[in-house]
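Residue numbers (the numbering used here), protein chains in the order written: chain A, 996 to 1418; chain B, 996 to 1418; chain C, 996 to 1418; chain D, 996 to 1418.
To be clear, the hints were calculated from the coordinates, so they are not data collected in a lab.
Errors might be hidden in some of the hints.
In this list, chains with the same sequence are indistinguishable; a pair is considered to hold if it fits within one copy or across any two.
[Stated by the list, open to error] Calculated lysine-lysine pairs in the DSS-like style (CA-CA distance at most 27 Å, straight line): (1) K1044 - K1332; (2) K1151 - K1037; (3) K1411 - K1301; (4) K1047 - K1418; (5) K1318 - K1284; (6) K1115 - K1044; (7) K1282 - K1157; (8) K1282 - K1394; (9) K1115 - K1282; (10) K1047 - K1394; (11) K1387 - K1284; (12) K1282 - K1387.
On a predicted model such as this, the values are computed, not experimentally measured, just so you know.
Listed below are the residues making up each chain.
Number of protein chains: 4
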Amino acid sequence: MMKEGQSMNIQHLIDMRREFHQIAETGWLEFETTIKIIDYLKSYGYDIKYGKSIHTIRMGLPSMDEMKNHADAISLERDYEIEEILQGYTGVVATLDTGRAGKTIAMRFDIDANGVEELKVDTHKPAKEGFASKNKNAMHACGHDGHITIGLNIAKWLMDNKENLNGRYIIIFQPAEEGVRGAKSLVGAGVLNSVDYLLSGHIGMGVEKDELVVGTLGFLATTKLDIYFDGEPSHAGASPELGKNALLAAASCALNLHTLPQFGAGMSRLNVGTLVAGTGRNVVPSKAKLEIETRGENEDVNELLKEKVKHVIEGSALAFDVKYRIEIAGSAPSYPKYNREFIDKIKNYLEKDYTISVGKNLGGSEDVTYMMNEVERHGGKSVYFMFGTNLKGSHHSNKFDFDEDVLLMAYNVYKKTIEMLNK
Amino acid sequence: MMKEGQSMNIQHLIDMRREFHQIAETGWLEFETTIKIIDYLKSYGYDIKYGKSIHTIRMGLPSMDEMKNHADAISLERDYEIEEILQGYTGVVATLDTGRAGKTIAMRFDIDANGVEELKVDTHKPAKEGFASKNKNAMHACGHDGHITIGLNIAKWLMDNKENLNGRYIIIFQPAEEGVRGAKSLVGAGVLNSVDYLLSGHIGMGVEKDELVVGTLGFLATTKLDIYFDGEPSHAGASPELGKNALLAAASCALNLHTLPQFGAGMSRLNVGTLVAGTGRNVVPSKAKLEIETRGENEDVNELLKEKVKHVIEGSALAFDVKYRIEIAGSAPSYPKYNREFIDKIKNYLEKDYTISVGKNLGGSEDVTYMMNEVERHGGKSVYFMFGTNLKGSHHSNKFDFDEDVLLMAYNVYKKTIEMLNK
Amino acid sequence: MMKEGQSMNIQHLIDMRREFHQIAETGWLEFETTIKIIDYLKSYGYDIKYGKSIHTIRMGLPSMDEMKNHADAISLERDYEIEEILQGYTGVVATLDTGRAGKTIAMRFDIDANGVEELKVDTHKPAKEGFASKNKNAMHACGHDGHITIGLNIAKWLMDNKENLNGRYIIIFQPAEEGVRGAKSLVGAGVLNSVDYLLSGHIGMGVEKDELVVGTLGFLATTKLDIYFDGEPSHAGASPELGKNALLAAASCALNLHTLPQFGAGMSRLNVGTLVAGTGRNVVPSKAKLEIETRGENEDVNELLKEKVKHVIEGSALAFDVKYRIEIAGSAPSYPKYNREFIDKIKNYLEKDYTISVGKNLGGSEDVTYMMNEVERHGGKSVYFMFGTNLKGSHHSNKFDFDEDVLLMAYNVYKKTIEMLNK
Amino acid sequence: MMKEGQSMNIQHLIDMRREFHQIAETGWLEFETTIKIIDYLKSYGYDIKYGKSIHTIRMGLPSMDEMKNHADAISLERDYEIEEILQGYTGVVATLDTGRAGKTIAMRFDIDANGVEELKVDTHKPAKEGFASKNKNAMHACGHDGHITIGLNIAKWLMDNKENLNGRYIIIFQPAEEGVRGAKSLVGAGVLNSVDYLLSGHIGMGVEKDELVVGTLGFLATTKLDIYFDGEPSHAGASPELGKNALLAAASCALNLHTLPQFGAGMSRLNVGTLVAGTGRNVVPSKAKLEIETRGENEDVNELLKEKVKHVIEGSALAFDVKYRIEIAGSAPSYPKYNREFIDKIKNYLEKDYTISVGKNLGGSEDVTYMMNEVERHGGKSVYFMFGTNLKGSHHSNKFDFDEDVLLMAYNVYKKTIEMLNK
């Protein structure tokens, strides 16, 4: 018989969540976060994989300087190898093999924070109670501190109960979910190989407290692009014709990009989120950068939109005779539909304990879809939960906070789903 | 001794000018005009060249339909071959060889009208006195009817006095000066070969009555381009993403083109004069056409500007994934500087009879510069006169008219210059 | 007992449809069409209303010249007053009052043709069999010739059976449905007052032959706007700074308008269908016109979009210091949802005779929604049928044609629905 | 008899120039520079004016934070009041009244550095010889360190020779010439009141070593504007229609601004030098800033261009329903023509000692024109010298340096001109 969840103390979850909240680190810079997760997992008895071995191509990587500065700021030391982590190979994969025949169940928890400066006023509980982020411009404003906590405690429960479990368990602590950057790298490295079931989810997301969503839908396909234009400077008064104007290329590009997203084949979106161009008032601007994103109700829409985007970028560069470069800073596929039978099975099992709704829309993008699609492509099944809770402030705002009761609910939902899948 | 100009009756010039005013025909459609000029020249005893033999590539040609419609409308017949004329090979070159050694003097008179509907009210003399244009949307609103008249009467005078003259005389009646289209075709066909002196000029142009400008400057290099974008239509409501939007390509092109003409190396201009795009309100527009022009203080400026224009057009097409086509609809080079000695010689000869100014700016473009540059490239010399007169309405306006006294002045200036060059 | 539909000869319907096909006339120019409808209705014994009495504000009216030219071309005479019709007050409303208590049933049939030049080749049946449109650039390419035919025959049947019917019948022959221009004018004039049931529909629309759609959905709210920019011309070479550039205002407007239709609150569309600007290549363009349309999944979306459109137009004019004018050339509201009970009642009654589907999407706009909303606002009920048939060529194409069997089907559907509503 | 310039040691000039080179400070932040100038002037025996008393409205002022940070960085202390200087009221005006009747001669020396990070390699003499700027992003890359040096030494010479001089001398050390920001503030405060002669000039500027330009021309009128757009953010995926897009307003503004500078009435220029917009990739951008400049061959051109610029900014804001704000960050008038007689008088006096050219073009803007126009408006006369020298690197580049011999030449030119004006 398994050790029961009643032994789980809500205060323990809260404390751990607050510990991670304080060391909020943004995507690919989750150095201290990763190391702390490793420390916990080691203390539970796990052998784990991390560093280059779990990564392929990392999209939207910060610059070497940003990495170095952050590493210097936190100055960590361990008796195990952390060099690769400090180069941005963040995240951890823990595996438990019970040695008994059975299914392979993977779980994914995202660990990164947002590039937001946390509010430091008493109306904001993390500030008032002293667990606000210690890092500048980094705040857990989307609840991933909670996700880490749930993941670590499920890992501990699995280890504690491994004698009563069958098959294999893979617990993925994914970096850089914000900006949909990290999942593809892990999937490429094979961390989802031979998985029968993939469980993941998110707290909050507009779901009411104590409500559980099973089988989320409406994951939009998305691509994040950084666009660079590179022209030639010249004196704007004396010889404007010798310049090649990257600012005007970028301005024309921005306007023309925004004419693209009208699609009959499904909802589509495009946003030029930032544009930075020029070096001085009296110089023909030779440099410009845009950060943009596309979204589509399905892959086809997003792919056709991306193709159109590429034309506009190339054309804008050509029009002003400047060079261009496109960097993919993030991406996530859509998740067209779930396995109804599997979702219903989970629903039926859990609905004695929870108010459940099925098939609610995420209304955004999440790169866990790389993992869900990968698992299902090989015959596996996946479920994405949404755990309802009361929020202070919207996701990504500097006053975001959640009712910590949701930690126990989510912990129990994972635990019970694993129990059911073991039956 | 030459037959004198005193025999020239101003009324004869006026009558002939009014005859041509009535049959105003725009560029490459000067069918009746050309035939009437031929008739006169034949009556003076000239053998003349016309049709394909005096043309190479004609820029800015009207469509077959326009030519056919105009030919049908005027239904001309002659006992000589006029077929090629009715295909747009308009204009005439008359040559008089005195048989005596001497210089070759060419003169150029432009013969086309403007695409303007002539004013039909009594304040406008051509209307009041019954010699307004009989053709719709064609009016001699730039005085070329006067130029023809001067040219024909000079031709007659030359023939009448051929026994007293030396060398050869080439009298060019050039079509399609408006839009700077005709000169290049004639030059290419060799009508300026072996010319020692080229005389040409313009009446009006803001010069005061009875003032004569010798040695005009400020001819701007110019290029006229027609730009076509060709995309794909689609239903704007049901499947906008299937369209390829030529209207937006054209709109972006127009805006981006207008960012180009800032040059430190000399004055430059660009104008997108017309833009016509789309087929219906609810269809993604698949067609667009722009009529544009570039100008430059010198060839280098205009050439660099054209290169930038090409980039913008290509880039605009690429951005919206539409095809493009560029047609050169006209062009004229600049005329950087005249032969000061030659200009002074003419000035000195004529200044007993006229108030003369030297080196005034045209402030625009004229494709006679192809001819002037051609003659000078081969060691010849050229002069461009401006014959001052009172104007009603500005050039190209529907109420343009000029004081017909200028006809006699211009006739005499050409005659006396030829006399001087014969000395 | 009613006189039966079995007496309806399909050939009679075909002949009448072909009669109207030949005199295809576009919106507000349905002069001959209107008069022929009046003639028929009079022959059936109807008193009818037409001309100014059935109109308020007519959107998207052709110019006086276009009306005069068309009136001259067809030269009609009648012993009744047709003057107002020839001024564009087209369409007819026929009313039959049985004198017996009962419901008021209105029916709406649209009568205008499309601005399309009909294909004149033998593969196109109307051409081969000699009933193609006799008018230039006017063709029944959307089946309204069929609608007229159905309406007139229903009118005859009603008159023939008036002793067996109760209540009142209003048969509306609406002009200018294309471009969604006519319905609003009729509604404003009160032709839908006190109506209990409104029946209307469309043949074709992608519905398969012999299939009947009851209760159409997905009518998009739409607005058609004509935008005029009015600047100042100037010589593009000599004094460009004196011009006020309407072409650039229009180009900037077109691009900026196309950045608008991204809406989270429902599907939205915007199309700048045509742009015509400028007067000549070397003149700063002083005139521009755009024809645009907006669409929205619901009124709110379309209204917010229109508000944004207004900002862009005003801003574009202000940016280039030109004047602007906006004319509403057409509009139709959405039709959010039907009366399920009423639709089901019709479906249940008709499904013994037809393959029926309920609630299919129109996927476009139709100004009958003004009438449906008007009727329902006052407690009435409405149904919009789609009558399946095989099509040659898509709607609005120059080779559009339909299988004329659909005429009898539609005739019977209206008849049976009226019978049911009389029970 | 005056104390002679032969007593001036070139090494003294070089040492002082290098002293000021090391403490390079950009416009309105010339704290240490101003204080050091005051120290020198006090040591020469001058009473001086500085702080608020010499300023009115300062254009293009850095933020409070920038001022505070710079003040903290250099931590100066003096036994006289420097508080206002540290608030950006930089610059000094020194006056010497000989007590004898005579003319008032003003001189102006600009003192600010450029926002450029000085090159730190041995090929750059200031780096090699240890006198490179000690401040980050501040470098004397336009020779104003030399101007200060010349001004201080002329001040000393005046004081040393005051017994031999007549009239009054005003020596103006002007801040913030870069970006044409400082002169207007000083003129407004009356520092040029009752001036008979104004002497100023610049070293370098493409003039060859040992050549002296007397009577500079071609000062372009210019205006520097900062433009702010302020919209509303919203989630770009979920509710794009709720955003008000400042980035697109700025992009459209930038493109449309660049369509403006075609002027027949004189050369004009416009440059959008920088554009910074947006806060994050997935947020509708609510903020944008542009830094632009206009130039005109004369005031009328620049004023009309500014008017057009204002329309474009307002229209762009209106089009996207965002707020806007325009800040004037700098300006300078043109200087249409000099007093020929005065210039010739100087030339004639100096040409025994120097190779002189008259009336060379500056080819840019300089806000000394505010002062020159002010003096001439009240009947005074002014001269602007250019002192030729060999340069390393172009003005404003990070490797700019000049041949220090020019310091002595300029010193002597000022001295001799004053001597002449005293005669």
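Do the hints match the structure? See the list:
no. : hint          : result
1   : K1044 - K1332 : neither (31 Å within a copy, 57 Å between copies)
2   : K1151 - K1037 : within (10 Å within a copy, 77 Å between copies)
3   : K1411 - K1301 : neither (41 Å within a copy, 52 Å between copies)
4   : K1047 - K1418 : neither (36 Å within a copy, 80 Å between copies)
5   : K1318 - K1284 : both (12 Å within a copy, 24 Å between copies)
6   : K1115 - K1044 : neither (36 Å within a copy, 45 Å between copies)
7   : K1282 - K1157 : neither (57 Å within a copy, 54 Å between copies)
8   : K1282 - K1394 : between (35 Å within a copy, 21 Å between copies)
9   : K1115 - K1282 : between (36 Å within a copy, 24 Å between copies)
10  : K1047 - K1394 : neither (35 Å within a copy, 43 Å between copies)
11  : K1387 - K1284 : neither (34 Å within a copy, 32 Å between copies)
12  : K1282 - K1387 : between (40 Å within a copy, 25 Å between copies)
The structure is inconsistent with the numbered hints 1, 3, 4, 6, 7, 10, 11, although it conforms to all the rest.
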